[in-house]
Amino acid sequence: MIKRYISLFALAFGLMLGAAAVIAQESPALPAAGNNLRDVASLRRGAHIFFNYCVGCHSLKYMRYERIADDLGLTEDDVMNNLNFTGAKFGDPVISHMPADDAQKFFGKAPPDLSLEVSAKGADWVFAYLNSFYLDPKSPIGWNNTVLPNAAMPFPLWELQGVQVPVMAPAKPGDDPQIEKLSLLHPGTLTPEQYQQAARDVTNFLEYVSEPAALQRRSYGIWVVLFLLGFTFLAYLLKKEYWKDVH
Amino acid sequence: MANVFSNIGEWVTDRAPGLMPVYRKHMTEYYAPKNFNIWYYFGSLALLVLVNQIVTGIFLTMNYDPSASGAFDSVQYIMRDVEWGWLIRYMHTTGASLFFVVIYLHMFRGIIYGSYQKPRELVWLLGMLIFLVLMAEAFMGYVLPWGNMSFWGAKVIVSLFGTIPVIGKDLVEWIMGDFLPADATLNRFFALHVIALPLVLLLLVVLHLAALHEVGSNNPDGVDVKHGPKGNRWDPTKPADGIPFHPYYTVKDLVGVGLFLAIAAFIIFFQPTFGGWFLEHDNSIPANNLVTPAQIKPVWYFTAFYAIVRMIPSALGTAVWGVLGMFGAIVLLFLMPWIDAGKVRSIRYRGTGFKVALTLFVLAFFGLMLIGTDSTAELIPMFFGANVDVTAIENLFGRVMVLIYFGFFVFLWLYTHLGWEKTKPVPERVTTHD
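From first to last, the protein sequence lines are chains A and B. For the first sequence, the working numbering begins at 1 and goes up steadily by one. For the second sequence, the working numbering begins at 1 and goes up steadily by one.
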């Protein structure tokens, strides 16, 4: 009997691992972001970049400054002096100062709220997007993106990454030339490796923002599962005791 | 203290003498066959998930706002600002998917051991009604977060009614209360999801159990313990191969409950979206009637039936056939007790034809799920190369799967009504008796 439970258990967790493998392979076309929610230093760096470069246009309307301070181990002063530049209160959500009507006029499309960006698109997508801006004289804003072609967004991190230009693949006659890769025309203030890490940090921060509870649920989870497995074992012993006289 | 309890017990029994007999009839003196195997956990697990859905659902309604302008925000409010709100919501969303896992396994158990055969037709019919109501309940619950998939899923599913000739278009407007899924739709789906359908569901569950306890449980051998020898340790007139449901099966089900909860907790705490299968990525975008998601598909548990709609082509100027096919696929399950006239119940003693047909049926069900989840769009180029006509292969594959699905019922009718089935001898008593 106990063998049966063990095999059921193995089967269930095998399925779970299989599912995890499927999850890992979800977007094979994009390189893995490789971010880690448990890396608090990375989350702080990501927040720093977000509030210096992104919040001018993008809100995080479901995220409160106070919650960021709590989850990232920052003090109220840290957040109010280094992250909050809009004069919002500590308990307020992160709302960009750019009026939506103006944004519509500037870019043709209001910059989306990024509270749930990673939930909707995935961390790999956000990471790749931040790595894929290039100079495009044909675009009205001068920038384009290989992950989201014709994105209406100018590239605010250019001073960090530098300026990329496309390298075209040789096109077959009659076909439009396709971009093969992007190459760095002018280096930025960061080396390519440093910029990768910066993009990873922003991605990490946005993943945290899309589900702040993720930090808690993982730390509780292991204890809940262990408790339930212990309970199952005790229940099994109890069952065995009761069933001794059933043949 | 024990004295106080027994006094209260006496006090109640004096005033409601009918209560203890009911308890005994359904628990301590309900004699269930003693050879239940692993397949018999899923009934009690379904009850557990139902209770979970109701309790977590009550807490969700305390903070959910059933309006088109507030629904999406209120879900994020629950996820971020409500104490333990994320846990309550993940218990509800994971519970919804696991409900279908458990129910599908429970139904499959009924099919492999012939639990729908005489005299348990009523138990099966009530169970199928539960399945039907559960599908409506799940669909409406899926619309409530008012994400973009909620919106487009609601639009597509409600549009299915639009294929009905003559009244279709008016019917769709009547269901939605608007020309598109909108505030009115969300309000009524909320009402149906949190009160109307749960009440129906609870009533049906009570009837399902009452009907079961009238005829007694089937078992993996498919033999009737009631017709076997009489007399067990507890009662000389009761089946020798029966044991009291309480405490024997209550402690046994406790083991199943523990393991099930451990698996559920693993999902809730570590993988609550289940890679986009339980909570879909596109539903993190608020409902938007101007932006259609790249692919509109229902949640995984509806995909087999949804694939049937997609695979059956329009004919005679109407697309109603696909919808009829989808409902037909469920109606045929209702009719199982009359389609299958097998002489034996359990797959252990049934003919090879039944085993082969059932295997194909299960494979067809999974095949249809591959189509409904759009996995075929990725798998076909993987197996046949990037340059093939994916739609043509998908249609061919899907239509074969639809034929197998319906063919199962046709075959089973012929196989059992024309006496083609060669069964093995059924033992007199359950195989594990002493």
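Calculated directly from the structure, the hints in this document are not laboratory data. For every residue, glycine included, the Cβ atom is placed at its ideal position computed from N, Cα and C. Among the hints, erroneous ones may be present.
As the list claims (entries may be wrong) - Capping the alpha-carbon separation at 35 Å, the derived lysine-lysine pairs in DSBU-like fashion look like this:
1. B:K155 with A:K244
2. B:K155 with A:K240
3. B:K230 with A:K244
4. B:K424 with A:K244
Stated by the list, open to error - These stretches of chain B come out as covered by chain A in the derived footprint (C-beta under 8 Å, 3 or more residues):
5. 162-176
6. 238-251
7. 412-424
Consistency of the hints with the structure:
1. At roughly 56 Å between alpha-carbon atoms, B:K155 and A:K244 are farther apart than 35 Å, so this suggested pair is violated.
2. Taken as a hint, the B:K155 and A:K240 pair is broken in the structure, with Cα atoms around 52 Å apart against an allowance of 35 Å.
3. With a C-alpha separation of about 21 Å, the suggested pairing of B:K230 with A:K244 holds against the 35 Å cut-off.
4. For the proposed pair B:K424 and A:K244, the alpha carbon gap of about 32 Å is at most 35 Å, so the pair holds.
5. Closer than 8 Å: that is the beta-carbon criterion, and the segment 162-176 of chain B has 0 residues meeting it against chain A, so the requirement of 3 is violated.
6. Taking a C-beta to C-beta cut-off of 8 Å, the segment 238-251 of chain B contributes 4 residues in contact with chain A, enough for the three needed, and the coverage statement holds.
7. Counting residues of the segment 412-424 of chain B whose CB falls under 8 Å from any CB of chain A gives 0; the rule of at least 3 is not met.
When the structure is compared with the earlier hints, violations turn up for hints 1, 2, 5 and 7 and for no others.
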